[in-house]
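Those protein sequence lines, which keep their order, are chains A and B.
With positions in the first sequence counted from 1, the corresponding number in the working numbering is that position plus 10.
With positions in the second sequence counted from 1, the corresponding number in the working numbering is that position plus 10.
Just so you know, these hints were derived from the structure itself, not from any lab.
Treat each hint with caution, since some may be false.
No copy labels: a pair is met if it fits in one copy or bridges any two.
What the hints assert, rightly or not - Derived pair list, reagent style PhoX-like, types lysine-lysine, alpha-carbon separation capped at 25 Å: (1) LYS41 to LYS160; (2) LYS19 to LYS117; (3) LYS153 to LYS41; (4) LYS31 to LYS41.
There are 2 protein chains.
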Amino acid sequence: MTSTDDFLKANESYAASFGDKGSLAIPPARKLVIITCMDARIDPAAHLGLKEGDAHVIRNAGGVAADAIRSIVISQRLLETHEIAVFHHTGCGMLLFQTQQLRDLVKNAAPDDSEVARHVDAIHFHEFSNLEEAVQRDVLFLKSHPLVLKETTITGWIYEVETGRIRQII
Amino acid sequence: MTSTDDFLKANESYAASFGDKGSLAIPPARKLVIITCMDARIDPAAHLGLKEGDAHVIRNAGGVAADAIRSIVISQRLLETHEIAVFHHTGCGMLLFQTQQLRDLVKNAAPDDSEVARHVDAIHFHEFSNLEEAVQRDVLFLKSHPLVLKETTITGWIYEVETGRIRQII
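Next comes chain A alone, as it looks inside the complex (with noise of 0.2 Å):
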């Protein structure tokens, strides 16, 4: 069983009321970059009221802004975004697990697999226990950050997975 019926079946809806989305230029017509989780219940353009055009959407385990450097330097550097807003969230999987407890999880489920091992130690999985001051860091990282522009502006927010609001913490 895989998705593709299901992939091709909906898009087929999407498709035909596409209307004149064909056209949108690549740079975001709002110069603006979303970095949010990874997270099943989250639609970064549904809470937000994005639609297709507006803004790059950044996602990773976590909305982790350390994980999102290189698409940062490609946004503002050839398509001219200069404006960030970092989402965490509550409920957050991050919150749950440390590096080292996931690095033995995955060891321990391929005990004789030296290439596991050195993949995984490799790896910090950048978990964080307090989701404000998670959002603070990653908008301090990214306002000291050297590659990021000094005139960018960066908010930092929480997104609640119980209610669907969001608010702003910097």
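Dock chain B against chain A, hints included.
Positioned in the frame of chain A, the structure of chain B alone reads:
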């Protein structure tokens, strides 16, 4: 000017019709991970018919699998996903530059800053020159990666920004 007021206004509407989404579980209901580009023209939930709770969505510049391993390990080992669909798209900015060009552009904008040079020279930007090949390469990369579970179903797709349509490559 920031997007703060726009975010809050749009979010008010979203939260008002949030319904019972506050009770969704953390693990994706469809045990599915989507990897796709940060491109502003792409709304993966819309063009694939995903609703909140269905799938992890990882997005970065290009939809590059090598940049998603940390997130995939968390998704698979802690939240039990076992299908990955990788999407690249027509008209991608990653087809338009080479790493050395972008490094030079960044360094030329701050010619006396050795920190900028040090940071940008450490980044490979993972550009690609052929779309179909890039999809195939990313799928093979994931299939052979020591940290991706062997039983994972992995498919590769192209999204057409001109039409809104998807097509499966592998």
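I want to check one pair: LYS41 and LYS160. Are their C-alpha atoms no more than 25 Å apart within a copy, between two copies, both, or neither? within (15 Å within a copy, 40 Å between copies)
What label fits LYS19 with LYS117 when the C-alpha limit is 25 Å: within, between, both, or neither? neither (39 Å within a copy, 46 Å between copies)
From the Cα coordinates, with 25 Å as the cut-off, is the pair LYS31 and LYS41 best called within, between, both, or neither? within (18 Å within a copy, 30 Å between copies)
How would you classify LYS153 and LYS41 at a CA-CA limit of 25 Å: within, between, both, or neither? within (17 Å within a copy, 36 Å between copies)
Checked against the numbered hints given earlier, the structure breaks only hint 2 and satisfies all the rest.
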